[in-house]
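**Student:** Those sequence lines, one after another, are chains A and B. Residues in the first sequence are numbered from 27 upward in steps of one, following our numbering. Residues in the second sequence are numbered from 3 upward in steps of one, following our numbering.
Simulated from the structure, these hints should not be mistaken for lab results. Hints should not be assumed to be uniformly reliable.
[Said to hold, decoys possible] Ranges of calculated distance between the beta carbons of each label pair, as one might list FRET restraints:
{"id": "1", "chain 1": "B", "residue 1": "L166", "chain 2": "A", "residue 2": "D202", "range": "48 to 58 Å"}
{"id": "2", "chain 1": "A", "residue 1": "R195", "chain 2": "B", "residue 2": "G119", "range": "19 to 29 Å"}
{"id": "3", "chain 1": "B", "residue 1": "Y227", "chain 2": "A", "residue 2": "L82", "range": "40 to 50 Å"}
{"id": "4", "chain 1": "A", "residue 1": "D202", "chain 2": "B", "residue 2": "V93", "range": "56 to 66 Å"}
{"id": "5", "chain 1": "A", "residue 1": "D202", "chain 2": "B", "residue 2": "A192", "range": "21 to 31 Å"}
{"id": "6", "chain 1": "B", "residue 1": "Q150", "chain 2": "A", "residue 2": "G140", "range": "29 to 39 Å"}
{"id": "7", "chain 1": "B", "residue 1": "G197", "chain 2": "A", "residue 2": "A103", "range": "43 to 53 Å"}
{"id": "8", "chain 1": "A", "residue 1": "L29", "chain 2": "B", "residue 2": "A162", "range": "53 to 63 Å"}
{"id": "9", "chain 1": "B", "residue 1": "L166", "chain 2": "A", "residue 2": "R195", "range": "50 to 60 Å"}
{"id": "10", "chain 1": "A", "residue 1": "L300", "chain 2": "B", "residue 2": "A162", "range": "32 to 42 Å"}
{"id": "11", "chain 1": "A", "residue 1": "E241", "chain 2": "B", "residue 2": "I16", "range": "43 to 53 Å"}
Quick reminder that beta carbons are idealized off the backbone N, C-alpha and C, glycines included.
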Amino acid sequence: MELVQQLVNGISLGSIYALIALGYTMVYGIVKLINFAHGDVFMVGSFMGFYSITILDLSFFPALVLTMAACALFGVAIERIAYKPLRNATRIAALITAIGVSLLIEYGVIYFRGAQPEAYPGDVLPKETISLFGLSVSSQSIFILGVSVALMILLQFIVHKTKIGKAMRAVSHDADAARLMGINVNNTISATFAIGSALAGAAGVIFGTYYIKIEPLMGIIPGLKAFVAAVLGGIGIIPGAMVGGLLLGVIEALVSALGYSLWRDGAAFVVLILILIFLPSGLFGKNVREKV
Amino acid sequence: MKILKQGKTFWLFILLGAVVFGTVQFMIAGGMLNQFYLNTLFSIAIYTILAVSLHLIIGITGQFSIGHAGFLAVGAYASAIMTMKLGLPFVVALVAGGLAAAVAGLLIGIPSLRLKGDYLAIATLGFGEIVRIILLNMDYVGGASGLQVSHLTTWPWTFACVILTIVVIANFTNSTHGRACISIREDETAADAMGINTTFYKVTAFAIGAFFAGIAGALFAHNFYIIQPSNFGFLKSFDILIFVVLGGLGSLSGAVIAAILLTIVSTFLQEYPETRMIIYSLVLILTMLYRPQGLMGTREIGSLFKRKGSGGGSVDAKQRAL
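The whole structure should be built from the sequences, with the hints applied where relevant.
**Tutor:** Here it is as structure tokens:
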């Protein structure tokens with residue numbers, strides 16, 4: 027029973043990783059950039075959710091929508107200011123810029139509001155224990171899973187059924203050919219950043235309501251782990267990010283359940299190094315031959 | 003003629019080193035430096051070693067590693083175990099710190115054979131985090147509360163290590179092996195096609211870079227009285243990275259200058275850590291946006307004093323001419 031309980035926790039945590047990983051994987055798929063600042067968008071989203079719940083006195087869903095919209099704008103701003111001028115620069119230059127943006131957001135937030143943590147009010151979501159087939163599962167974790175799955179379905183719909191989704195897939199396949207076909211590549215890239223950042227913002231609000239405590243440096247570790255999740259599923263592949271996130275959450279929960287909870291953070295990185303060595307294109311990726 | 007010229011640079015460097023060393027030693031002996039200046043001095047020296055060792059990995063071999071704090075941690079803890087647990091002299095600790103880190107460098111260098119660019123960066127970042135988590139969970143070295151280390155770092159030792167690092171890495175860069183590493187940076191596939199054992203050189207670069215980072219770790223541990231796993235997070239790796247990036251990827255003197263400048267700046271901003279990090283991050287972003295080659299590009303300080311077109315320049319000067 028203990029194990030199943032841990033599995034449920036793992037899936038809740040994994041769905042948060044999956045939401046962040048989606049942004050990583052979409053951005054990587056389209057501009058081949060590891061957006062280090064993505065974990066910090068998650069952090070900013072968490073704080074926006076907190077302020078819209080406490081100061082604006084909103085309930086969970088309006089706060090979620092507001093945060094997602096604000097994070098989308100934030101993500102586009104980051105892309106336009108920092109990454110767009112580097113579109114044709116080397117990958118390393120872009121990566122270093124991303125690290126710089128990440129540090130700037132973290133310490134900018136600390137500079138303006140201080141480093142002290144903040145606690146989400148406990149009554150954002152009803153807290154009940156539901157017994158399901160003899161298991162007691164908190165209603166919150168089911169709710170979180172529900173919201174995450176709903177967002178992922180929405181994302182699948184956007185990517186596969188709408189015009190902008192079609193444009194995104196075209197640009198990630200071949201940006202130059204897409205431009206020749208009359209697709210506005212810059213706007214498509216911005217839209218990708220907007221969608222990814224909105225998902226990270228949503229993950230931030232969900233994280234806050236579930237784990238209560240938020241702080242300005244909280245985005246680093248979940249951000250890195252979400253990247254691991256994206257690599258695990260095969261970077262650039264949207265279903266891969268979802269599966270990778272859930273799998274990583276479950277692996278961490280199992281490591282905790284086995285009594286090595288202090289090693290939990292290490293598990294993700296061991297998974298990363300193993301996957302990079304043995305299966306570099308990820309679970310869902312195809313091996314692409316490098317052309318010279 | 004060429005040999006004479008290289009000899010001249012070498013003797014100039016030695017002379018400059020002797021003057022710097024003598025002045026500082028005289029000032030320490032005369033009690034002219036208070037604790038604050040001494041600490042800054044030691045920090046500058048340690049960060050210089052770190053910057054130069056990372057310069058070999060990123061700047062010369064082109065392997066983007068952001069886990070350098072992991073090597074620093076391995077060196078620091080290995081040396082601290084030598085002096086504090088086993089009671090061995092400081093020299094042994096220095097060498098042991100370097101060797102332990104070099105072994106760690108081999109360990110991370112071997113996966114790097116299969117990884118490139120971004121993936122390698124993330125893998126090295128993961129490696130640094132794994133080192134930190136292992137140290138956090140090891141009761142033998144005190145876990146999260148850290149390890150007490152007695153103050154053994156002295157100015158002559160520190161200075162000797164700085165000089166040793168610079169001389170070894172500068173000579174390595176100008177040797178056949180260094181040229182091979184540069185060719186990997188420029189184009190790995192072409193280097194492979196030219197018959198260069200890219201695997202061997204990548205691992206060698208990692209091991210040498212890690213060795214000196216380990217020595218820096220030994221100096222670091224014996225300078226600050228206590229070492230804790232939290233000293234070696236990835237923010238430390240980024241601190242080292244920024245020296246190399248700002249100095250210019252591929253310029254040894256650039257890395258040294260950036261390390262000295264930024265350490266002085268950050269010492270004065272110690273009371274305002276947020277401001278310091280904001281400045282660091284802005285420096286990273288603005289450098290990449292407006293001067294992606296860094297302060298020095300791939301040039302060395304010596305080339306600033308040479309007339310254009312004069313022979314005997316560094317390999318990079320020749321590359322630019324091509």
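**Student:** If you check the beta carbons of B/L166 and A/D202, does the distance land in 48 to 58 Å?
**Tutor:** Given range 48 to 58 Å: holds, Cβ gap about 50 Å.
**Student:** So the hint says 53 to 63 Å: do the beta-carbon atoms of A/L29 and B/A162 match that?
**Tutor:** Given a distance of about 56 Å, which is inside 53 to 63 Å, the answer is holds.
**Student:** Can you let me know if the beta-carbon spacing of A/D202 and B/A192 is within 21 to 31 Å?
**Tutor:** About 24 Å separates the Cβ atoms of A/D202 and B/A192, which means 21 to 31 Å holds.
**Student:** Just to be sure I understand the hint, the distance between the Cβ atoms of B/L166 and A/R195 should be within 50 to 60 Å; is that true here?
**Tutor:** 55 Å, holds
**Student:** Range hint 56 to 66 Å: satisfied by the CB atoms of A/D202 and B/V93?
**Tutor:** Holds, at about 59 Å.
**Student:** Regarding B/Y227 and A/L82, is the given constraint of 40 to 50 Å on their beta-carbon distance met?
**Tutor:** 48 Å, holds
**Student:** The hint says 32 to 42 Å between A/L300 and B/A162; measuring C-beta to C-beta, is that right?
**Tutor:** Given range 32 to 42 Å: holds, Cβ gap about 40 Å.
**Student:** Does the beta carbon distance between B/G197 and A/A103 stay inside 43 to 53 Å, or does it fall outside?
**Tutor:** With Cβ atoms ~49 Å apart, the hint holds.
**Student:** Given the hint of 19 to 29 Å, check if A/R195 and B/G119 actually sit that far apart at their C-beta atoms.
**Tutor:** 24 Å, holds
**Student:** Can you tell me whether the CB distance of A/E241 to B/I16 sits inside 43 to 53 Å?
**Tutor:** 50 Å, holds
**Student:** Range hint 29 to 39 Å: satisfied by the CB atoms of B/Q150 and A/G140?
**Tutor:** 32 Å, holds
Checked against the numbered hints given earlier, the structure satisfies every one of them.
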